[in-house]
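Given the structure of chain A, go ahead and fit chain B onto it with the hints provided.
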Amino acid sequence: AQKITQTQPGMFVQEKEAVTLDCTYDTSDQSYGLFWYKQPSSGEMIFLIYQGSYDEQNATEGRYSLNFQKARKSANLVISASQLGDSAMYFCAMRERKDDKIIFGKGTRLHILP
Amino acid sequence: DVKVTQSSRYLVKRTGEKVFLECVQDMDHENMFWYRQDPGLGLRLIYFSYDVKMKEKGDIPEGYSVSREKKERFSLILESASTNQTSMYLCASVGGGANTEAFFGQGTRLTVV
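Line order of the protein sequences matches chains A and B.
Under the numbering used here, the residue at position 89 of the first sequence is numbered 89, and the numbers go up by one with no gaps.
Under the numbering used here, the residue at position 42 of the second sequence is numbered 42, and the numbers go up by one with no gaps.
Worth flagging that the hints you see were computed from the coordinates, not collected in a lab.
This one's a predicted model, so the numbers in the text were calculated from it and none came from an experiment.
Possibly wrong hints are sitting among the right ones.
Unchecked claim - Pair ranges (Cβ atoms, derived): (1) Leu84(A) with Val12(B): 31 to 37 Å; (2) Lys18(B) with Met11(A): 39 to 45 Å; (3) Asp51(B) with Tyr54(A): 36 to 42 Å; (4) Glu17(B) with Gln30(A): 42 to 48 Å; (5) Lys18(B) with Ser80(A): 45 to 51 Å; (6) Ile60(B) with Leu84(A): 43 to 49 Å; (7) Leu41(B) with Lys98(A): 22 to 28 Å; (8) Val78(A) with Glu79(B): 16 to 22 Å; (9) Asn67(A) with Glu69(B): 40 to 46 Å; (10) Asp26(B) with Pro9(A): 34 to 40 Å; (11) Lys13(B) with Ala71(A): 45 to 51 Å; (12) Phe12(A) with Asp51(B): 28 to 34 Å.
Beta carbons are placed, not taken as given, at the ideal position from N, Cα and C, and that holds for glycine.
Isolated chain B, as found in the complex:
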């Protein structure tokens, strides 16, 4: 059974804290993605990675960075959390080929207070 696992389901952090969201996949996929989901805005792409140590900015990268040191792990980093980063964060992975669907983690509900 294929799996994408996010390290936390719920997270509460204080403003200014450095926050790490971890995502691990066991499918040997090249491509991994981080999205945030907000009501009325759908899923917005923050960053994606198509290989180890490779990353590309998505549509809303400001305030975020990422790390991919190993193929199976893709980390999203909030350098200094702010209240407007309170959101649901979804990680996804997908193999090569345009016809392969993305597999998603269960999501992390982050609240910044």
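Only chain A is shown next, with the shape it has when bound in the complex:
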């Protein structure tokens, strides 16, 4: 069974608009971490933001925020005021405490339109 689900294979968004990238996860572990990575066309993996399962507040890092809804097992990435440089592949990932594996979703390709 897929542990990380990203339902949007691709998205087109107008520059300066806010973007929400969806991510749902499946785990029976009580302790886990959720991550978002950006992969531009150059191929490097860039860490964006982290949310712990016990964190009560949603994580924020500059223009990135993570909308964490634990009961729904949802960890959506929100990018405010999108920029052309945000065009990239975005991956949601989860690390469970029980085995320290890091599992990734299939990704969402985001295109920012000028």
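For chain B alone, kept in the frame of chain A given last:
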């Protein structure tokens, strides 16, 4: 500056060859991972290691093996390369604690002909 270094950026090998992909990290991390990335499939975990000489199968270990003789080095081995192993291979390392992010190498684009 933390670093995960993969030995090759591009590699072309023939079917049936034994292939070694090397990954070295300089952060003294316990955990290291090998993924392959294919369009539409995301990153799929092949193997990971949580300590020297320790390894665990990921979701797609068939056709692969790994070696971790030293903490800083994690090798992925294709015993007999096949064309369906043509892919981008990514190595990552991460320290202890669920709140620490993984650091990735630059990736190796392997083509098996």
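Structure-based check of each hint:
1. Leu84(A) with Val12(B): 31 to 37 Å: 34 Å, holds
2. Lys18(B) with Met11(A): 39 to 45 Å: About 41 Å separates the Cβ atoms of Lys18(B) and Met11(A), which means 39 to 45 Å holds.
3. Asp51(B) with Tyr54(A): 36 to 42 Å: 26 Å, violated
4. Glu17(B) with Gln30(A): 42 to 48 Å: 45 Å, holds
5. Lys18(B) with Ser80(A): 45 to 51 Å: 49 Å, holds
6. Ile60(B) with Leu84(A): 43 to 49 Å: Violated, at about 35 Å.
7. Leu41(B) with Lys98(A): 22 to 28 Å: Since the Cβ atoms of Leu41(B) and Lys98(A) sit about 25 Å apart, the hinted range of 22 to 28 Å holds.
8. Val78(A) with Glu79(B): 16 to 22 Å: 44 Å, violated
9. Asn67(A) with Glu69(B): 40 to 46 Å: 43 Å, holds
10. Asp26(B) with Pro9(A): 34 to 40 Å: 36 Å, holds
11. Lys13(B) with Ala71(A): 45 to 51 Å: This hint holds: roughly 48 Å between Cβ atoms.
12. Phe12(A) with Asp51(B): 28 to 34 Å: 45 Å, violated
Violation of the numbered hints given earlier is confined to hints 3, 6, 8, 12; the remaining hints are satisfied by the structure.
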